[in-house]
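Undergrad: Grab the two chains, each in its own frame, and use the hints to assemble them into the complex.
Given next are the chains, with one letter for each unit.
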Amino acid sequence: MLRSVFGKSLWDQRRGILGWSLAVAAVGVLYAGFYPSMNNPEMAAAIRAFPQGLLEALGMTDITSPAGYLGSTTYGILGPVLMVIFAGTLGVRAIAGDEEAGRLDVLLAHPVERWAVVVQRAAAMAVALAVAGALLFVAMLVASGPAQFEEVGAGNLAAATVQLVLLALLFGALGLAAGALTGSRGLAWGVVAGVAVLTYLANTMGPTVDVLAWSQDVSPWFYYSGGRPLANGFQAVDAAVLAATTLVLVVIAVIGFRRRDIAV
Amino acid sequence: MTSIIETEQLTKFYGTHRGIVDVDLTVTEGEAFGFLGPNGAGKTTMIRTLLDHIRPTRGRARIFGIDTTEDPVAIHRRLGYLPGEFALYDKLTGGQTIEYFANLRGGVDRAYQQELMDRLEVDPSRRFREYSKGNKQKIGLVVALQHRPELLLLDEPTSGLDPLIQQEFYSVIREAKAEGRTVFMSSHILSEVERTCDRVAIIRDGRLVRVDRVGALRDMAHHTVEIRFTGAVPEAEFRSLPGVSDLVADDHVLRMRVTGGITPVVQAAARHELSDFVSREPTLEETFLAEYGQEPVAEEAAHGR
Numbered sequence: 001m002l003r004s005v006f007g008k009s010l011w012d013q014r015r016g017i018l019g020w021s022l023a024v025a026a027v028g029v030l031y032a033g034f035y036p037s038m039n040n041p042e043m044a045a046a047i048r049a050f051p052q053g054l055l056e057a058l059g060m061t062d063i064t065s066p067a068g069y070l071g072s073t074t075y076g077i078l079g080p081v082l083m084v085i086f087a088g089t090l091g092v093r094a095i096a097g098d099e100e101a102g103r104l105d106v107l108l109a110h111p112v113e114r115w116a117v118v119v120q121r122a123a124a125m126a127v128a129l130a131v132a133g134a135l136l137f138v139a140m141l142v143a144s145g146p147a148q149f150e151e152v153g154a155g156n157l158a159a160a161t162v163q164l165v166l167l168a169l170l171f172g173a174l175g176l177a178a179g180a181l182t183g184s185r186g187l188a189w190g191v192v193a194g195v196a197v198l199t200y201l202a203n204t205m206g207p208t209v210d211v212l213a214w215s216q217d218v219s220p221w222f223y224y225s226g227g228r229p230l231a232n233g234f235q236a237v238d239a240a241v242l243a244a245t246t247l248v249l250v251v252i253a254v255i256g257f258r259r260r261d262i263a264v
Numbered sequence: 001m002t003s004i005i006e007t008e009q010l011t012k013f014y015g016t017h018r019g020i021v022d023v024d025l026t027v028t029e030g031e032a033f034g035f036l037g038p039n040g041a042g043k044t045t046m047i048r049t050l051l052d053h054i055r056p057t058r059g060r061a062r063i064f065g066i067d068t069t070e071d072p073v074a075i076h077r078r079l080g081y082l083p084g085e086f087a088l089y090d091k092l093t094g095g096q097t098i099e100y101f102a103n104l105r106g107g108v109d110r111a112y113q114q115e116l117m118d119r120l121e122v123d124p125s126r127r128f129r130e131y132s133k134g135n136k137q138k139i140g141l142v143v144a145l146q147h148r149p150e151l152l153l154l155d156e157p158t159s160g161l162d163p164l165i166q167q168e169f170y171s172v173i174r175e176a177k178a179e180g181r182t183v184f185m186s187s188h189i190l191s192e193v194e195r196t197c198d199r200v201a202i203i204r205d206g207r208l209v210r211v212d213r214v215g216a217l218r219d220m221a222h223h224t225v226e227i228r229f230t231g232a233v234p235e236a237e238f239r240s241l242p243g244v245s246d247l248v249a250d251d252h253v254l255r256m257r258v259t260g261g262i263t264p265v266v267q268a269a270a271r272h273e274l275s276d277f278v279s280r281e282p283t284l285e286e287t288f289l290a291e292y293g294q295e296p297v298a299e300e301a302a303h304g305r
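Line by line, the protein sequences are chains B and G. For the first sequence, counting from 1, position 221 maps to 221 in our numbering; every step adds exactly one. For the second sequence, counting from 1, position 269 maps to 269 in our numbering; every step adds exactly one.
Extracted from the complex, chain G is given alone in its bound form (with noise of 0.2 Å):
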């Protein structure tokens, strides 16, 4: 298999706090590939590293086997681009937004620029700054697609989007990947990178803790249950039940913490009569310090490849 982004011991310190710290990667041809890391653990540094709109401290970055310092404009040519915040010419109109970019580019194809524009509803008549979050990532996409770019890089693409329009977003990638190309998507999101990714890279302080197919995450993946009882609490029938630990009793309450599906301590529940029944995902800030606790970064590193 081809590989589209090779990255060897990438690293960028920014100022004064440290951005990404080396970061190897591979990311090849036809996958999407999920960065997922909480706020401010280097994603937006990655794809700007990548994009060549900041240098490496040290170590490189290829795309499509060109070094991303050496020939970015014929890296930028095959690659489509959305940032997170869409900040773009507050007078020219939607469609004169794409437009500009079309022409930047040359040869887009014109039928395909406007099946794109209809499948996300895009209204193209407005002044850029008249339309919602929403709206702008939509002609973002638009301008990151109609190229047919081999590769998209997307920076957590669905950040303040309702999710109807989230929901848009996630097939558009399951199509571009269906096409053959290859998404490198950021995110904060476990469940969004789970929907769309085959793999993902794990990004916490800068550093990689573990890159893994999305599968191999879902023991990352649970749920906090917490059940009121009217009565007493029936700590044992919980206790063997399949994915269920730390759980905690006290009057009344039961906490757990529940991996994997949560049928089960539903089904067991049901049988008791209760005044109250809590399931929350984590954020993945918790998750992260659940998994890993609050060990020094380097040593994850170091096992979690």
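If we strip away everything but chain B, and leave its shape as in the complex, we get (with noise of 0.2 Å):
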């Protein structure tokens, strides 16, 4: 594991992915199993009752359907905030957290490209997020018996939660980007806290708002779950809208990185 920066990367990072893993995939099915109890007709009266606008805005419009109820537990709120959570601490400790430890100074001295140490990083980044997906869909599919949500099907609960790694993804990338630009753990830890939330709430309350009707558009949870993967299957354009996000962000942490002077 100790031949490359890629290799040592998921060295260090094997028991953070053991843990989150497990956290993630627990989470998830101890949430799914929920499912049975809201599966009923009292159930789906009492939630009738709520104002159709809030139910919208806590994305919580179908949930005794079980496609829609995983997309408002699981893979509404706790799995992807944790996964995004998980996500921003492997972005931000890639390069900014390196540097601020002073542990770049040794690295950088030896035969190995900037560029190359960010791709390496980013790289063990996506091996790490797709772990912990993985691991959430075996626990997904195991629980889909027991707890009642088959019909959703081994197809899309994958599709779900290939984007959902695509969104965690994207936002490590961010905190990489931010991380590279300015070295600086706590801004990065800023920048991707800051952006999460303000694209989360763009996407959940700006259809409800008529001048922010465009911020939809732009935030990444719109492209993870406004094509409704587990109702619909995977959205390859969706995915494919993150995975470019991703692309970039990359891209902007190695020019940037590239350009500046390294702490000491």
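Do not rely on the hints blindly, as some may be mistaken.
Sample of chain G residues with no beta-carbon within 10 Å of chain B, all distances over it, derived [to be verified]: (1) D22; (2) R126; (3) K133; (4) L164; (5) Y170; (6) E226; (7) L241; (8) P264; (9) A268; (10) S275.
Reference listing, derived: stretches of chain G covered by chain B, where coverage requires no fewer than 3 residues with Cβ under 8 Å from a Cβ of chain B [unchecked claim]: (11) 72-78; (12) 84-92; (13) 95-101; (14) 186-192.
Calculated directly from the structure, the hints in this document are not laboratory data. Note that this is a predicted model, so its numbers are computed, not measured. The C-beta atom is built at its ideal place from N, Cα and C for all residues, glycine as well.
TA: Shown next as structure tokens:
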């Protein structure tokens, strides 16, 4: 594992990957486990009593169907939030964290291009998030029988999970880029958290306010869940938008990191 | 002779404070070059600019004839670097740390790596954060040397080390030199540079004030001697001794500055009844003050070279 910057990044993250993956999978399954208690006429009637606007804002319009339920629980808030925080941790640490700790000094005195450090760390982040996604997918698949949401199907679960990984990767790349441009961990975290919250609000609240309607189109969250992959399957265009944005962020990270002075 | 490091008006302004200004230097193949200056004079800035970790504000530097900003990786392949503060991966063991950097370089001779570890008595089994400062520096030195680099860049390699390990460092540096490698070493200790280097550049406030053979610095190396006599002060006996200057006598106490060996002073003092004898090597700051006074640095740089 200590053969390259990529291998060492994964080696360093091995405990984190395991811990976060288990946490995301556990939360996913626990949440999904409540589905049978939602799937009954009384609950459906109770939900209908809520104002439609509120349900829309909370993403709970279709809470009693399996796809709707998972889309507003495991794949609605907690799953993405955990995945985005995990991705942010990896992205911010990749350059800014190492730089603040003074660990880039010796590494960059070795015959390793700066762009290669950024790209290899981004690749390690992608692998880490893919592992977490894979574990979540398997856990959800196993839980789908007992928790009565089999009709979603393995294909749609996989589609939603892939799009979830792409969403997280985008925010990880944002942390990487902000850290590579500034060398500041705090600032990079601020950017990740700020953009994640604002774009989340843009996706859920934007459409309810006329002058902000456009904002949903620039929200990564829209390209994650707007096409309802749990109900409609893999949304290739949405996924491509997320992946392309991530790529652009990594390119920005490379350019920024190559240009500037490295702190002691 | 081939020049290994060549800088032309190399200047780096660092945020609000000045780093280095108009540094012109040539370090030739096979020499050990000392970069001497008090703390904050710009030594680390110089080394980090040579590494292309920071980019010059103006001027340029070439190592092995390659511009440092153009192909730093080609340069890094052929040099070894030991920073003053060796911060690394806390959770890796010393052995893993050495292994990782060997892998990044590729083609490291394992037998030589092992030989270095044996010589420096590196214990590779502990986690990096558990090592003392001295042991971290030893691992850093193995990392810097294991690929037999043509050039060694050492930033204050012995600061904070105990004297025994310091001696080992000196012998490793002498050995590297004997094998024809070039050494560029920063330091704030005059005697250390005297012991290990052939030539020295003295930097103060970011500017070179002098570049010379180490031998020529001997006149800068001096002691401050203070002798307390039980009887009257025999001032006249000391006035004519070689190397003695700035003689001041007051009640029972004689103070002087001694350049070069202090033996004549000790012999003269031994003929009298003493209550105390103090000899002190001044800090580099004091030496600088004595040598260059406090005139503006710009002027000194002009005659310094």
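Undergrad: Name the hints, by number, that the structure is in violation of.
TA: 14
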